Every structure is written in structure tokens, then in C-alpha cells.
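Trainee: From first to last, the protein sequence lines are chains A and B. Everything in the first sequence is counted per my numbering, starting at -10 for the first residue and increasing by one. Everything in the second sequence is counted per my numbering, starting at 3 for the first residue and increasing by one.
The hints are simulated quantities; they were obtained by calculation from the structure and are not laboratory data. Just so you know, not all the hints are guaranteed correct.
Said to hold, decoys possible - Within a straight-line C-alpha distance of at most 30 Å, the following computed DSSO-like cross-link-like pairs (lysine-lysine) qualify: (1) B:LYS275 x A:LYS290; (2) B:LYS275 x A:LYS130; (3) B:LYS92 x A:LYS170.
Predicted model only: the values in this text are computed from it and were never measured.
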Amino acid sequence: MNGPFKTRSINEITYAPLTRRSFLKFGAAAAAAYAGFSVALSPLKDLKEHLSIEEFLQQHYERLTAEHMQKILARIEKEIERDYHVRATVKDIKPMHGVEYAFALNIGKCIGCRRCVYGCMAENNTSRDPQIQYIRVLEMKKGSQNVEESEHYYDHEWVPQADKYYMPVQCQQCQNPPCTKACPVKATWQEPDGIIVVDYNWCIGCRYCMAACPYWARRFNFAKPALPPEDINTDMAYLGNRIRPRGVVEKCTFCLRRVRQGMQPACVEVCPTGSRVFGNVRDPKSPIHYILNNKRVYIFKEEAGTIPRFYYCFDV
Amino acid sequence: MLRNYLIFLWRIYRFSFLGSVRYYVWMTILTIFSLVGLYAYAHQTVHGLAITGMTDQVSWGVYIANFTFIVGLAAAAVMLVIPAYIYQNKHLHDVVILGELLAIASIVMCLLFVNVDLGRPDRFWHLSPIIGVFNFPISMLSWDVIVLIGYLMLNVHICGYLLYMRYLRAQPSALFYMPFVLLAIAWAISIHTVTAFLYVGLVGRPFWNAAIVAPRFIGSAFTAGPGLMIIAFQIIRRFTRYKIDDEALHILRQIVTVSLLVNLFLLSCEAFKEFYAESVHSSSARYLFFGLNGYTALRPWIWFAITIETISAIILIIPALAKQMEYVNIACILSFVGIWIEKGMGMIVPGFLPTPLGEIVEYFPTLPETLVCMGIWSFGLLIYSWMIHLAIPILSGELSIQPEAVGTKQALSGAPAV
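All chains should be built: construct the whole structure from the sequences, respecting the hints.
Mentor: In C-alpha cells:
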């Protein structure tokens, strides 16, 4: 036999009582381990993220009573004041009864000015650095429906350009959403009015929903959202436009805060061409109802079987 | 009973710190590398996933690539279990526990890779049933959590039970492990199939949304896993007194050969489908193999992987070469590296590119991201080495409840009455 066990058997060694020598060796090893761990964990001294016990233990949205929710909203308002130096009001705005939303975008009218993109950012408090946008306007080539032929980062002095057409894409609020199926913790779901929401305090940040979305509609907060105080919209909704924590997914909510209080989404309001129409499809007098019944309408990526509530339409 | 078990735990704890200088050096190196990974992860904890190369476009990167590859290593333990337990192949019987220990180390690495990829690791508990909300059976990720943790527990039980029985010098009772072994065989296939379904189930990603992904995963796993074991077992028999005969290695070699050929066959099926009848859905494959619109980051990697896998296959199918261990080792290393590239980054990144909106944003892992990966690999190797260090004296009878028959009176004197 060779190796370290020449004179004493393993049994003898492992049964042997601790000696002074082994105690010292143990002490030296423990000191080295302690030093190693302190160096390895030393970057944590710069940790600026706060995590209160209340936030850590907060339950899933559907399990919260009204009383819980009041406390949570107050806490979130305080967190926003602490981190962003503005006084915000955060409300938990519930869906209205008998309402189901739909959106129509007139692809013939859109000029690709991207006002919707920036109107959306202003309403929804998305991070300015790194910049998060919910709407992506594709500059499509004449004769092609292939998005791979489109230009995402066009930068012309004037739009529209000749021989191009413009196709804005955002969350399609699918009736058969692949993203909510993907989520392992039900942090994203479809509300009764059709809006797909994310509980930013329940999302674990696995980003499986982003992989699942066929419309590239979801965004991840890789860093803590950075917003100058003057850019912050202080009217916030819990499932909507409140400033997101770091490490969670967010997305277009049809401007839930606005539309559930009777307003139009920000992108509709700022569109200079009237390309965007939004409303309650269950209301037979609504413009969206008229468009879906009378205009030429199609959905994007029909083959994916997602059944969007977002329609593209065109005039004759 | 309980007292014996506590003594056992105490002794394996003591024995963990007993070893040759070589053992200490090896474990120290792995510890340092693991701590470097922890340092990088602490950095990530401070700055968020922004310090990685991932973007909204490529929202999974090298963490999930390694995760996917290592699930395959874990599943491959079954390739030792089937012949050893079902067909009573005595050559593999001796090494099967070493393979299952590799599965345990692999699953630990998988769980670490998933955890470092989370934006909110503090909310990991949301995945637990009852106190959290577990989207089972709808989400494929919830299936993956169940199969991985289940597989970990099965292997911990099987290895723990068999090793403890060996330590007690008692005959293991088939009732206590055979049902679990049979379950583990089916389970091993399931962990890799479910991991494949994670990708296959995504309708918006044509590169993944293909039936061939799951069989490809199994084929590549049963190449890389046994290949790693061939190398590991030679290292073990060289540096310990544990005997592993060449027969066992050659059985593994045959498994590697068949699996590698199957993997290459399935790869060619995939390539045929993508390129003979090329459609818009072939863009990801085109990006991977040939580059798209001037973006070619993955092209050299995938061709390198295919080349070395092919060389490996040629070595393994030439009998004169395949009988020599040196060539087998080269073949195993080549196919292991090839599959790590092909099934890691070569599988994950093209799934995202072009994005569903047709954009290409290339992904390159950053330094901290790479260090975290290195740290997890080192930690996996660390716990595998540690388990081997404990398992081998137990298997060889050196570490047992009764001192060895060859032991002297002195050896007995330290032992408490049991």
C-alpha cells in the first residue's frame, strides 16, 4: 500500500479523537476558508438594492386581500420615493365588468414616426438607461411581409420613405398566450378584460416567457430602471406602469392604468395619423367594433395560433 | 441504528479532510476557482444581469447553454445503470455508483446554472408548492424543476443507500433500491426529454419548435456523458487503489460510438430539412451554419464542433484505433467538446436569432459571465471529487463500520463499541 495511510488504518484515523495538532490544522483551514469567502463576497459591499422582509415575503397577487394590497401599495410608494425622489400614487386598478379590449392598427395610415414609441415610454415609466421600449416599428420593404427584411433602426430625416410601409409591433394580448403558459410561477396571466399582466413582485426573472413570445413583446430589466425624476409619470398602477424592480419582465399592458379609468392608451392618444384605434369590442357602438366588422383586418403570425387581440387593418 | 448512522456521518466528515498532498492540492485549486466564480456572481448580484452579454433579443446565454448540456451528463448515468442492474453486467456493476455520483454532481451544477440565470434569485421560493405558486402541469419549466429535483433525490437515495450498506458490510435489500433504480432509468430519459420540451414547446421559435430536438438531446447526452466517464474512470483508477477494468471502459466506448453516430445522423437529418427545402423558418439554421446578413459569430464554432465530432466518430469506428485507450480518450474529449459547443451555445443562441421580429443582435458572453460558469464547473468537479474520495474507500472496504480483518490491534483500539 502506498499513499498517506501507511502506518494507521483509515478506521483508526477517522475514529481517532481530535488532537491539538488536528485542532490547529482545522483552525488554519477555517481561517483560510473565511478569508477566501470574504474576498469572494467582497463585491457585495457595493450592493445598493434594498430587500425588505415584507417585499421578500409578499404573496402572489391572487392571494392578497384588499388590506394586504393597501399595505403593499403604500410600501411601493415609499420605495419609489426613496429610490427616485418623487411622490407617486400607486393604485391596484381592477378590470371593468363586461369589457374586453381590442386594438386595431391601420397599416395603410401609419407613417413610421415613432411618436407611439415615445408616448408609450412617457406613460409607462420604462427605463431610460438602458432604454426599454414596448413598441417596435418595423420599416417594411415594399413587396415583402417578411420581418427579417425589415429595418428596425431606420433613422431618416423624413418619414414615410418611398417604397416602404411601417408596421408597429407590440404585445398582441393574445387570447391563447404562449407566455402565460411558459411562466413556472404564474407571475403573468390574462385578466378578464383580455390584458396580459405581470406581477412584478412575483416574477422570478427566468425569462422563459420572453423565449415563448412569438412577437418579441417582452422586456427584461437587466439593470435597475434609470429614470430622471422629471420624466416619471407619478400616476401608477400595480400591474401596469409603476417603475419596475430590477430583474423582472415587463410588457405593454394596453396602458391598463389609463384604459381601466376610461382613457385611451398613450400610443393611441399621441398617434398623429389616427392609425390606432382601441376600445371595448363588446360595445357595439365602439369604433373598434365597427372596424373589426367592416374593415379589412388580419392578425400577425396567425400560424402561431396565438389569437391576438391586436389587429392590423387597411382601407380600400 | 441512528447512532451507527451518526458515526458514519462523523467519519465521512473526518475523512473528507484526510488525503494525500495531491488530494489537497486538487481540492484547493477547485476551491479557488469556485471562489472566483462566487466573486463574479457577487459582482452580478450587485449590478444585475446587465453585466452579462444577454439582451432582450438573446435573453438566454451561456448559463442556460451549460445547463442544457449538463442535464445531458446527468441523464447519461443511466447508461451505466441499465446494463449493470438490468442485465447484471458485472464489469459495470463496480462503476455504476461512480456514474450515479456524477449524475448527482451534474444536477447540482444544473440547479446552480438555473439559479445564476434568475433575475430574482431571492424569489426562488415562489417555485415551491403551497407556499409558492407552481404552474404545474402547464409550464414546461415546472416539469423541469420536478424531474431535476426528483432525479437528484433518486440518485442520492440509491448511492447513499448502497454506500451505507457497503459501509455496514450488510447485504443491500433489493426492495430498498431496485424499485428506485428502475424508476431512475425512466426518470433519466425524462429529465433530458423534458429539458428538450422546454425548447420544443415554443411556437414562436422555429429552430427549437421541431420534433428532432428531443432525440438529438438524448443522442448527444449519451455521447458526452459516457465519454466523460471513460476519462474520469481512468483518472480514478490511476490515482486511487480502486480497480476498474478495461472491459467496463470498452462497454462505455461502445455506447459513445453508437450515440455519436446517432447524433451525427440526426444532425444531418436536421441539416437536410433546413437547407434542401429552405424557408423563412430556416433562418436560424442559416445563421448558425453559414451566417446571416453578415453576422457570423457562431459559424466557426459550429463547424469546429462538427469537425471534431466527425474525427471522433472516425476514430471510434476504426477497430484498430478504438481498441487503444489513448485514441479512445482523444475521441471522448473531442466529442465532449464538440457536443458542448453544438448543444450549448450552438443550440440556445440561434433559437433567438433572428428574433421573432427579424432582428439579429449577436451574443457574446462577458468576462464575469464566463467566470461564473467556470466557478460552477469547478464546484461541480469539487463535489464530484469529494464524493469519489469518500465512495472509493467505502467500496473497497477500507472505510467500514468494522475495521478490516487485516487491521492490527492498534487499529481496533480507537474504535468505539458498536
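Trainee: Hints broken by the structure, by number, lowest first?
Mentor: Result: hint 3 breaks, nothing else.
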